[in-house]
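A.B. asks: One-letter residues, chain by chain:
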Amino acid sequence: MKLPYLFPTRYKSTGWIVFFPTLILGFLTVLYDWEPSWLDVKFPTLYNDPLIFGNGGWFKLVEINILNDLLGVLMIVSGLFVGFSRLEDEDEYISKLRLESLVWSVYANYLVLLFAFLFVNGMSFMWVMIFNMYTILFFFIIRFHWKLYQFKNSVYEE
Amino acid sequence: MKNRIKVARAEFDMTQADLAKRAGVSRQTINAMELGKYVPSTVLALKLASIFKIEVSSLFKLEQEDWD
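Here the protein sequences line up with chains A and B, keeping their order.
In terms of my numbering, the first sequence opens at residue 1 and continues consecutively.
In terms of my numbering, the second sequence opens at residue 1001 and continues consecutively.
Rather than coming from a laboratory, the hints here were simulated on the basis of the structure.
The C-beta atom is built at its ideal place from N, Cα and C for all residues, glycine as well.
Where hints are given, some of them may not hold.
Stated by the list, open to error - Here are the in silico distance ranges between beta carbons for each label pair:
id : chain 1 : residue 1 : chain 2 : residue 2 : range
1  : A       : Trp34     : B       : Glu1063   : 58 to 68 Å
2  : B       : Trp1067   : A       : Asn132    : 35 to 45 Å
3  : B       : Thr1042   : A       : Asn153    : 25 to 35 Å
4  : B       : Glu1055   : A       : Gly72     : 18 to 28 Å
5  : B       : Gly1036   : A       : Val73     : 43 to 53 Å
The shape of chain A in the complex, shown without the other chains (with noise of 0.2 Å):
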């Protein structure tokens, strides 16, 4: 069975080179409250909705530090290369791995969702919550390379 919708395999590496470093600096960033003016920007937004002052409304050019959408976008794309491109030996095996840690990491996500919906409260949940936009593909890359690893080096039994 081939799983339509893969990446091609080249994209896997392309994806790890930006993954990592994208990673550290997100960290960082979120730690140290990272936002340097040089990427102060105007940019165009579907839908603004300000939360102090300023006129909300439709299709706005809005002034925004594009660090943390740069980061997001970043974090995503080369996250889903990672996951999604196809391996040079993918196989209907890998691609059953694939697929149960995509299972897996869908209830690992909303089982630490609904655990921080029961106990975390407060401003402290806002940052769960945007964890949690990473935190599926994150499960599903850590699980998927974890079986991989394990399936790749199983015991040879000629």
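Given the coordinates of chain A, work out where chain B should sit on it, guided by the hints.
C.D. replies: Only chain B this time, still in chain A's reference frame:
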């Protein structure tokens, strides 16, 4: 489901790698099937039977637990 891939492979003097290459899967997938850890798709089962020039039912056998 039981299978006799390992026996058939021995009869044809093939390594797991040889069979994997002919069936278009990885060596580990053949290993997983021989160990009973993986039940192949119909297409792969038919390919294996074709390589060994036997019927699929001679290569794979259902067990009671498959009916439960």
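A.B. asks: Among all the numbered hints in the text so far, which are the ones the structure does not match?
C.D. replies: Violated hint (a single one): 4; every other hint is consistent with the structure.
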